[in-house]
Amino acid sequence: MKRSYLKSPPILLGLSVLLVLLLASLLFSFFFNELLAPEPRLLYNENGKLIATNPYPPTIVPPFGTDRLGYNILYKVIDGAKYTLAMVFIVALLRVFFSLLTGLFCHFYLFKAKKGKTYFISFFQAFYSIPQVLLAFILISPFLIVGFNDLEFFQLVIYQVMVLIIISIPHLTLLIADECNRISQEEFMEGAKVLGGSNYHLFKKHMLPHLGRPLLIFFSQQVGQVLILLTHLGLLRIFLGGAIKVEMGNGMGAKFISLSNEWSGLIGMDFREIVLAPWIIVAPLVAFMVTILCVNLITGELEKPKGRNKVEINNIKSKDNPNVKVGKNRFTFLKKT
Amino acid sequence: MYDNPTYVLPIVCLAIPPTIHLTKIINLYLEEESIKDYVLLAKSKGIGINKVIITHIYRNILLNLVPHFRSHFVFILSNLIILEYIFNMNGLSKFLLDYGTANTGVLTVGLLLLFLPVQLILLLVNVIITKRFGIKGEYS
Chain A
0 MKRSYLKSPP ILLGLSVLLV LLLASLLFSF FFNELLAPEP RLLYNENGKL
50 IATNPYPPTI VPPFGTDRLG YNILYKVIDG AKYTLAMVFI VALLRVFFSL
100 LTGLFCHFYL FKAKKGKTYF ISFFQAFYSI PQVLLAFILI SPFLIVGFND
150 LEFFQLVIYQ VMVLIIISIP HLTLLIADEC NRISQEEFME GAKVLGGSNY
200 HLFKKHMLPH LGRPLLIFFS QQVGQVLILL THLGLLRIFL GGAIKVEMGN
250 GMGAKFISLS NEWSGLIGMD FREIVLAPWI IVAPLVAFMV TILCVNLITG
300 ELEKPKGRNK VEINNIKSKD NPNVKVGKNR FTFLKKT
Chain B
0 MYDNPTYVLP IVCLAIPPTI HLTKIINLYL EEESIKDYVL LAKSKGIGIN
50 KVIITHIYRN ILLNLVPHFR SHFVFILSNL IILEYIFNMN GLSKFLLDYG
100 TANTGVLTVG LLLLFLPVQL ILLLVNVIIT KRFGIKGEYS
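In order, the protein sequences belong to chains A and B.
So the first sequence is numbered by numbering that gives the first Met the number 0: it starts at 0 and just counts up by one.
So the second sequence is numbered by numbering that gives the first Met the number 0: it starts at 0 and just counts up by one.
Keep in mind that the hints were calculated from the coordinates and are not lab data.
Mixed in with the good hints, there may be bad ones.
[To be verified] Cβ-to-Cβ under 7 angstroms is the rule here; a few derived chain B residues that face chain A:
#1 L8
#2 V73
#3 G99
#4 T100
Even glycine gets a Cβ: it sits at the ideal position worked out from N, Cα and C.
Please work from the sequences and hints to get the whole structure.
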């Protein structure tokens, strides 16, 4: 089953692009880390004439230009890829995992209780109605106020990941419980129950093989959702691992800078630049677009209903007359005269 | 010039993603509906395909779109939060972002003001559809 997924071209393409991004990012941080240094603030030509100052456009520093502090944006995006991708995959994986646990609990115990289903479904649906950005912002932002709730870097990251996981669990729980309900109405489940299978046995032997594909789809969908959620949070100045304040010099005031070069941070801290120096924000946006496109490719391919294996008509040979092949038209005269 | 509030660009920006989404959904329903028998009958009577789609198929799939209201509403709302931030509009969701974190009372009242009217409308639509068409489903 897994192998057939890997054979389909869209999934292969999406996965390979994501893997290449991740590998490039890891290799970059191990071997080419010294490239991530600011370029000189002012640029002169051979005659000693000033030709450009610090946000160099892509024409001077290809392919994406530099930002206001002089860092090459391409290197920043490649460096940040590993944080974003790792974060997104971990969050999506944990979301599906914890929702699977709660979904199974709901399916086997809570929804069987008297009136349990009505109450809990309305409770879970309330969570679905509130935008996730709002919930995440309200839960995370109090911990970003400097000097108020000072957390260590890793504490902050773990807290952010926890929030991102928890806000989606109610809705995903409902989806997984629905899926379990659908499976448990199949006939073989009836048979297994009559033969006295315990809940654990029912889940392990009969449900899990059928849950694999829906769970894969949920995971893929969640990856896309988390990516979009991260961009939104980045715009609202919520960066992974917090931010530091940097004096810009040149009388430009101070700016908050994301500690990791993580993509949503890159977009969030510079999105006002879209009026002044659009190239600063284009590169992270392109990176996000490529990633979301890959994920959507994979999701779309997974969601397609799996057709029955088509019999190759071309290769069927007539029994009486082995020389005649039945063509694509399905109807050929065996004896042509 | 600078005091004039902007309307057109934010509204267009807000409308683009749901439009694409709805187009996809309507396309799916159209495909599903157009293989039914009454379409064949209408075609065989010599009615043009545009007329069949507009007067027959489209009417029948409109009801299927009602269950998508809620998810689209949430989708638009979460985009609105970002939109208000980008366009510097001082709307309700900007207010919630600014003051909701410090004051849970503000947050609760704001969310109620935002969601209660829409949920009531959805409930009303649900009741009307159940009464009018006799369909029992989760139309909310």
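Structure-based check of each hint:
1. A least Cβ separation of about 14 angstroms between L8(B) and chain A goes past the 7 angstroms threshold, and the interface hint is therefore violated.
2. Among the interface hints, the one on V73(B) holds; its C-beta lies about 6 angstroms from the nearest C-beta in chain A, closer than the 7 angstroms criterion.
3. Hint on G99(B) holds. Least Cβ distance to chain A is approximately 6 angstroms, under the 7 angstroms limit.
4. A least Cβ separation of about 5 angstroms between T100(B) and chain A falls short of the 7 angstroms threshold, and the interface hint therefore holds.
The structure fails hint 1 only (numbered hints given earlier).
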